[in-house]
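Protein chains in written order, with the working numbering: chain A, 1 to 306; chain B, 1 to 336.
No lab work stands behind these hints, which were simulated from the structure alone. Check each hint, because a few of them may be wrong.
Claimed, not checked - Here are some of the chain A residues that sit facing chain B, going by a computed Cβ distance under 7 Å: (1) F204; (2) R209; (3) A210; (4) H222; (5) R225; (6) D300; (7) P301; (8) R302.
Yeah, the Cβ is synthetic: ideal placement off N, Cα and C, and Gly gets one too.
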Amino acid sequence: MRFILRRVLGAIPTLLIIITLSFFMLRAAPGGPFTTQRALPPQVKANLEHMYHLDEPLWEQYGRYLGDIASGDFGPSFVYRGTSVNDLIKQGLPVDATIGGLALLMALLIGVPLGIVAALRQNTAWDYAPMAGAMVGISIPNFVVAPLLILILAVKLHWLPAGGWGDGHPWYLILPVVSLGLPLIAYMARLMRGSMVEVLNSPFIRTARAKGLPERTVIMRHALRPALMPLISFLGPAAVTTLTGSIVIEQIFGLPGIGRFFVNGALNRDYTLVMGVTILYGMLIIAFNLLADVLYGVLDPRVRLS
Amino acid sequence: MSELLYSVSHLDVHFPMRDKGLFGKTRLLRAIDDVSFQVHRGETLGVVGESGCGKSTLLRALMRLGPATAGSLQFEGRELTDLDDKAMQPLRRDLQMIFQDPLASLDPRMTVGQIIGEPLRALEPTLDAASRRERVLELMRRVGLLPEQVNRYAHEFSGGQAQRIGIARALIVEPRLLVCDEPVSALDVSIKSQVINLLMDLRTERGLTYVFIAHDLASVRHIADRVVVLYLGRVMEIADRDALYAAPLHPYTQMLLAAVPIPDPRVARQRRMSVVRGELPSPLDPPSGCAFRTRCPFATRRCAEQRPALRDVGAGQVACHHAEAIAEGRAERASA
Numbered sequence: 001m002r003f004i005l006r007r008v009l010g011a012i013p014t015l016l017i018i019i020t021l022s023f024f025m026l027r028a029a030p031g032g033p034f035t036t037q038r039a040l041p042p043q044v045k046a047n048l049e050h051m052y053h054l055d056e057p058l059w060e061q062y063g064r065y066l067g068d069i070a071s072g073d074f075g076p077s078f079v080y081r082g083t084s085v086n087d088l089i090k091q092g093l094p095v096d097a098t099i100g101g102l103a104l105l106m107a108l109l110i111g112v113p114l115g116i117v118a119a120l121r122q123n124t125a126w127d128y129a130p131m132a133g134a135m136v137g138i139s140i141p142n143f144v145v146a147p148l149l150i151l152i153l154a155v156k157l158h159w160l161p162a163g164g165w166g167d168g169h170p171w172y173l174i175l176p177v178v179s180l181g182l183p184l185i186a187y188m189a190r191l192m193r194g195s196m197v198e199v200l201n202s203p204f205i206r207t208a209r210a211k212g213l214p215e216r217t218v219i220m221r222h223a224l225r226p227a228l229m230p231l232i233s234f235l236g237p238a239a240v241t242t243l244t245g246s247i248v249i250e251q252i253f254g255l256p257g258i259g260r261f262f263v264n265g266a267l268n269r270d271y272t273l274v275m276g277v278t279i280l281y282g283m284l285i286i287a288f289n290l291l292a293d294v295l296y297g298v299l300d301p302r303v304r305l306s
Numbered sequence: 001m002s003e004l005l006y007s008v009s010h011l012d013v014h015f016p017m018r019d020k021g022l023f024g025k026t027r028l029l030r031a032i033d034d035v036s037f038q039v040h041r042g043e044t045l046g047v048v049g050e051s052g053c054g055k056s057t058l059l060r061a062l063m064r065l066g067p068a069t070a071g072s073l074q075f076e077g078r079e080l081t082d083l084d085d086k087a088m089q090p091l092r093r094d095l096q097m098i099f100q101d102p103l104a105s106l107d108p109r110m111t112v113g114q115i116i117g118e119p120l121r122a123l124e125p126t127l128d129a130a131s132r133r134e135r136v137l138e139l140m141r142r143v144g145l146l147p148e149q150v151n152r153y154a155h156e157f158s159g160g161q162a163q164r165i166g167i168a169r170a171l172i173v174e175p176r177l178l179v180c181d182e183p184v185s186a187l188d189v190s191i192k193s194q195v196i197n198l199l200m201d202l203r204t205e206r207g208l209t210y211v212f213i214a215h216d217l218a219s220v221r222h223i224a225d226r227v228v229v230l231y232l233g234r235v236m237e238i239a240d241r242d243a244l245y246a247a248p249l250h251p252y253t254q255m256l257l258a259a260v261p262i263p264d265p266r267v268a269r270q271r272r273m274s275v276v277r278g279e280l281p282s283p284l285d286p287p288s289g290c291a292f293r294t295r296c297p298f299a300t301r302r303c304a305e306q307r308p309a310l311r312d313v314g315a316g317q318v319a320c321h322h323a324e325a326i327a328e329g330r331a332e333r334a335s336a
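When you get a sec, could you build the whole thing from the sequences and use the hints?
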């Protein structure tokens, strides 16, 4: 408990550094939110900048921004007029979290067992077939897989819709989830196989067999827990990038996620939007790494004690 | 000799090894090559040999924890090579093993009590938790651990204590044969003798039979009744401990004994036996005939042409064409 509290408090300076760095780097970039191809009349531009406090000194803007964030307000978007960054995130994040969460779940349910079976049946068809498949899955980028899936399952066979969100109807989710999840399955299967093979060769597994335990007990009680450790270190950051959405998948399937806000925001110098999404990523990364550390402790008493 | 407990006859353990390259040919590594010996109830059989001679492979085969290519392994008259892992499992009550690296051999995620009690849970599922705990604590006391350490994790212990945990874990199911794979080679000298003494006390107390592997001749001399000498996966000599150390028959045994340092320089100067010379040949490409002939001072043409069988000579068995001649001092020493 004290460990978790200490980690949460320790996250505050990290977040502050993320905020400060991205705030000043963004401002240092040339151009601004109201730089358009046709120059705005000076009076209009001055009014706009005054409205968003862009005419104040940078330090004042920074202070004001920190104050807003502390009260949970990411400010108004400069480009999506009349909408706050909070609204945009509230709108987009559930889409990404649904797709990403399902993709992660699918990868865990398929990839992990495949890897375990491959390790237990090392150098047989049970090992070679999934591992060859996994290599393909890792090598082919999702901007190739997704259009192929659309072409076959939507355009030719008419089994599934080619794109769109459809208010989260399961029918619309299948293709994006599969496209996002395939490389994850592949990666987890390989990771799991590798760590499982290593653990199965360790002396304490030999001891467990010598004790006369049934093979099932040897694997479930002695081998699985240590073999899960690398998966957890991978899952911490991977869960964040998956849950916050992939701009490629969003674009291909026309999904209203936050990935496009991030890219559009960056291109248009939408300061508050970019900051909001960056801080969200930062917080999620910190939270998931903390979760991974807690899980380490659950799986390995040595981590807990030190 | 008393009743036969475990009998190994003509055991082979071969590993196919592929040469490097796409079209590398597969060659056989004969880790154990036609090994036979018997273990009698109540005795301690020492197995010695240089590293890489197949000691650990032999033990794993005995325990059916590793492969056995050909030959027969009989425990109390039951053939073990026919049994699969599942059929082997009830027999683990009688056959237990102690490992070389005590710390790495214990699951770091378990407490001492769980480690020691687990074989009971698997092999005596009817035993209730309270009596299981009772037996764990009693055995911990017996091997020199404090009962209050029962909830500690294995990594909180020193090497010697970890090996005591390993011994308790092996003994909890009251096995008949305890196979020890260099149980003290990872320990400090002072701890080493403590653990060996503990093993010897337990042997008398519980009527145990040991197969004890070591590359250290001193500890084998201390604990073993009979000794098997292995070289490149083959048996060179089997003899009673006293006979072997007093009058080794095989030139390899003589050389191994000559390599033991003698603390008194006056005695050391009188030593006649020559020191092991040369390198160990590759087990992938063993010498023809006698495996030891490339390093043997008495090697003749016959040694290159004909593989010496293990035969009875005096009190023991030896695999050397010239054993009698060497013993009587008639053998000619090649100029070294």
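List of violated hint numbers, smallest to largest: No numbers; nothing is violated.
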